[in-house]
Amino acid sequence: MNSRTLPLIAFILLIILLVVGLQISDRKTAIPSPLIGKPAPAFELPVLGEPGRKMSKESFLGTPYLVNFWASWCVTCRVEHPVITELAKSGVLRVIGFNFRDESADAKAWLRQFGNPYEVTLVDMDGRISIDFGVYAAPESFLVDPQGVIVFKQLGAMTNEVIETEILPRIANMGSGN
Amino acid sequence: MRMHKLFIFIFLLIVSFSAFAQSRSVQEPLVFANPQQQERFNRLTEELRCLVCQNQNLADSDAPLAHDLRREVHEMVLAGRTNEQIKQFLVTRYGDFVLYRPPVQKNTYLLWLAPLLMFLAGAGVLYASVKKRSVLLETDQDPKD
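Those sequence lines, one after another, are chains A and B.
Going from the first sequence to the numbering used here is simple: count from 1 and add 6.
Going from the second sequence to the numbering used here is simple: count from 1 and add 933.
Treat the hints as calculated values from the structure; they're not laboratory data.
Given the structure is predicted, the values throughout are model-derived calculations rather than measurements.
Do not take every clue at face value.
Below, computed lysine-lysine pairings styled on DSS-like, alpha-carbon distance capped at 25 Å [claimed, not checked]: (1) 159(A) x 1020(B); (2) 1039(B) x 1020(B); (3) 44(A) x 63(A); (4) 159(A) x 95(A); (5) 114(A) x 44(A); (6) 60(A) x 114(A); (7) 114(A) x 95(A); (8) 44(A) x 1020(B); (9) 1039(B) x 44(A).
Could you put the whole structure together from the sequences, leaning on the hints where they help?
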């Protein structure tokens, strides 16, 4: 009796492990960012299309803003572009573009072709700031609160659903920022 | 016969191209002050995971991110930062996931202890079955006792 039930139990446990493993396998490639709840990395970057002008993290303190890492070579950035545009138009927060590992001429052409949703686009040509933000895919978006703390990160394309369920409630919780 | 040799020659020629593929490293030429630095760089990039192609390490990956991270590691090695500091730099940005060798901490106890638990479970099963068999043997052989 015992010698027969034991292998059966072991087998059933293995099956359960397999099912659980298959179900989480889709999510395993998304790495939780250790930066959530931490101050956004410091940066001081040139502004696209305005030679000589630089902006730093301090320029954006006081209001919630979205840091959207994008590049002209990034195909998914085109997919999320209408959603980002809509979000920027709604005016609920500032939308800042971080153009990374890209040629400025390509970036400008991209914005001309698809439209420019960004209040301002900062140029992170060698990708150093994107590394500080822990970016490993494109696009990635970071919601930063008025104190300069990262409260949410979206890996991959921004969607209306994510805006409804993740972004807007968090902005509502932030208050005026003091 | 000659045809045969020709085929072998062509075959070897084709195979030999794979040698070029092997030796063509994905890494850009990097300059180090001394061999120890090079050695540290090589060991670190082998232990760190590329986040784009998640089953490759930094040393093997040709992804732009791996390229940039190698540059960061290279600069930190040149600046004389310790291995721990360099790993910490990446962990604060990308999480423990960048480490191929997970640290022993609260959420990895099960991972590290699993082999020991498996071993103990196996030992338990073995002990139980041996004991059961010895009881069977005793009852079989010495019914008169």
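How the hints compare with the structure:
With a CA separation close to 23 Å, the supplied pair residue 159(A) and residue 1020(B) stays within the 25 Å bound. For the suggested pair residue 1039(B) and residue 1020(B), the alpha carbons sit about 19 Å apart, so the restraint of at most 25 Å is met. The hinted pair formed by residue 44(A) and residue 63(A) meets the criterion: a straight-line CA distance of about 14 Å does not exceed 25 Å. Between residue 159(A) and residue 95(A) the CA atoms are separated by roughly 20 Å; this keeps the pair inside 25 Å, and the hint holds.
This hinted pair does not check out: residue 114(A) and residue 44(A) have alpha carbons roughly 32 Å apart, beyond 25 Å. For the given pair, residue 60(A) sits about 17 Å from residue 114(A) by alpha-carbon distance, which is consistent with the 25 Å threshold. With a CA separation close to 20 Å, the supplied pair residue 114(A) and residue 95(A) stays within the 25 Å bound. Restraint check for residue 44(A) and residue 1020(B): satisfied, since their Cα atoms lie roughly 19 Å apart, inside the 25 Å limit.
A hinted pair counts as satisfied when its Cα atoms are at most 25 Å apart, and residue 1039(B) with residue 44(A) qualifies at roughly 21 Å.
Comparing the model with each numbered hint stated earlier shows that hint 5 is the single one that does not hold.
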